[in-house]
Amino acid sequence: MDQIDRALLEALARRREVVEHVIRTKETEADFVRDQDREEALLTARVSLGRELGLDGYFVTKIFQQVLDHSLRIQRDHLVAEQNPDVEHDAVRIGYQGTEGAYSHEAARKHFASRLDHAFFRGYPTFRELMEGVQAGGLDFAIVPIENTTAGSINEAYDLLARFPVSVIGEEVLAIDHCLVALEKVPLGNIRRIYSHPLAIAQCGDFLAGLPECKVESAPDTAMAVERIKRANDLSQAVIASEEVARMHGLEILKRRIANRRDNYTRFVVVAREAMSYDARIPCKTSLILATKHEEGALVRCLNTLAAHHLSMTKLESRPRPNVPWEYLFYIDIEGNVTDPEVSAAIDELSRDVSFLKVLGSYPASTTESARPSVPKLGAAADSSDTKPAQAPAPKTKKAAVAASADTTPPLEVAIKKGYKLASRAHHPDDSVVRIGDVLVGGDDFVVMAGPCSVESWDQVRACAELVRDQGGQVLRGGVFKPRTSTYSFQGLGYEGLDLLVRAGEEFGLPVVTEVMHPADVQRVAEDADVLQVGARNMQNFALLREIGHVDRPVLLKRGAMSSIDELLAASEYLLAAGNHQVMLCERGIRTFETATRFTLDIGAVPVLKERTHLPVIVDPSHAAGVRQYVIPLAEAAVAAGADGIIVEFHPAPEEALSDGPQALTFEGFGELMQRLHRLTQALRSG
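For the sequence shown, the positions run 1 to 687 when my numbering is used.
Treat each hint with caution, since some may be false.
What the hints assert, rightly or not - Here are the simulated lysine-lysine pairs, DSS-like style, with alpha carbons at most 27 Å apart: (1) 358 - 293; (2) 26 - 62; (3) 215 - 230; (4) 293 - 185; (5) 255 - 110; (6) 185 - 230; (7) 62 - 255; (8) 315 - 110; (9) 110 - 62; (10) 215 - 185; (11) 293 - 315; (12) 315 - 255; (13) 255 - 230; (14) 110 - 26; (15) 358 - 418.
Claimed, not checked - Taking CB as the label site, the calculated pair distances span: (16) 483 - 263: 27 to 37 Å; (17) 419 - 38: 40 to 50 Å; (18) 300 - 55: 31 to 41 Å; (19) 577 - 261: 47 to 57 Å.
It should be emphasised that the hints constitute simulated quantities derived from the structure, not laboratory data. Every residue, glycine too, gets a C-beta built ideally from N, C-alpha and C.
The task is simple: from the sequences and hints, build the whole structure.
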């Protein structure tokens, strides 16, 4: 085993040497640093090869995503050094707020990973002292948390960026996994006092609310809080901290993942006294601070200036303007480098419409679409016979199917009369795109949501999640509340099943979709599920629709078996009118005189819906067919008709399934489905 591990490390070292040669070639011969099409092709080929060798596709994907990310960092650092010859690269002094092991320390080590041999890290008690260290020249760089996906913006950091003469030269994103740690493994009920940083406390409010007997106290950072309980030597005290802090201090983890949200990330910015230059081939952001003139439409004019120069804004934050009551500073992040002509021109125009403007700096982006990790292509991982690099992703073919719909879209007056103004294409001519994590439904890719009809056990749902990811699916489906015709049928595992579904999705990096049946369950299910499904039986449960309309979660609305297309659109209006515009429609078959299948898939509904509404359309071939052998042909028909995706069921042992076994694909059948979908999208693209 040691020899194998050494061989792996030696291979990685050789790969690094090749990467360094590649970047020297790119310096003079290439107009790009990152080729995402090439990355996707490489991942697809590596996953296929791994499957031939008996390796799990998800495992191979995660390894090579890290390898590619490391390669990109090496190339970027090389270009940065070339662009900034006056910046010290041998020995750097890096500051962070807190003590060793704090999240800021982790983020600093991650950002400067390629320079750890020459880096000196120093913790500071406060953000202000950290900034003063940079200003005085005692630090080359400082890393400062700027926003968190749970607690929001960190106001003090924004205020200090405006006050101190520093430049933003980089950003880093760190996954935050809060744990409750203590001196020994004791029951949660024994804990009476919990310490942590105020931001960590805010991010774990829901968990702390479940411990009413505990007193919660803030500390300068989590690492300092750990030192406090160690000195007290009190088993009734605990700290919210990272697993790394627990390991460093020899503490026991009482509970992991206690943050309010599963996707808990903090964005940090790296600051220095002077701005740095970045090669135009590196995707960058530019951060600005501005104060508008105190007149009508001033902010709108600034935003219109950015739009006129085709600049995508990724952040808009306001803070009170010091010493000027009721006026505000606006912090804006845009995609692009300050050296880009459009960015430069926009900043020049902004300077004429504002009373204050500060360019904080341009820096390599970590949170834009261009920075997202590549993934294998749809279905390509399933086709182990093809290890050649795949072509670029096949664009969706639906546009050809509905190309003539613009002239035949029903007028807005007709839509209003039928009860679906907001859902109508006359009201919203462009296709809506619904984001589910990193998955875009209604965009350029055909989306596959797949999994078991019902969550039955951990082993079952984990195996299904692994297959979805391995075969190139994007969303894990699973029922936990089951509306059954017979009261004696399996009704689902409820919240226990939801926990299993979410856990499986997290393990394999998949968002999850599940049905919610009762208005009282909506808020609770929305805390964990990424997509709320409204089943066919509840399409006109208007109380349920209104409740779901009030939550910020994508919704998959299924058409009722006896409902018309207009009735489906009218039902979607309840969601839209309540404020939730993240709605996807699902055609899952209607009742007719035909009995060969469970229902009749109304494939013609897809182009009709595309003509009448801007909402994405998903097809459910499993419930439409009710018979396993027809599921794959109906799924292919959905692609040809122009659907945005499918939601399909499979099971490790369909004959033993607790619900809808006859319509569930086997694992082999799901693999065949993904292969055929991949080939079909490629054929439609080329033809």
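Structure-based check of all given hints:
no.	hint	in the structure
1	358 - 293	holds, 15 Å
2	26 - 62	holds, 26 Å
3	215 - 230	holds, 18 Å
4	293 - 185	violated, 58 Å
5	255 - 110	holds, 25 Å
6	185 - 230	holds, 14 Å
7	62 - 255	holds, 26 Å
8	315 - 110	holds, 23 Å
9	110 - 62	holds, 18 Å
10	215 - 185	holds, 19 Å
11	293 - 315	holds, 20 Å
12	315 - 255	violated, 34 Å
13	255 - 230	holds, 18 Å
14	110 - 26	holds, 25 Å
15	358 - 418	violated, 51 Å
16	483 - 263: 27 to 37 Å	holds, 29 Å
17	419 - 38: 40 to 50 Å	holds, 49 Å
18	300 - 55: 31 to 41 Å	violated, 54 Å
19	577 - 261: 47 to 57 Å	violated, 27 Å
Violated hints for the displayed structure, listed by number in ascending order: 4, 12, 15, 18, 19.
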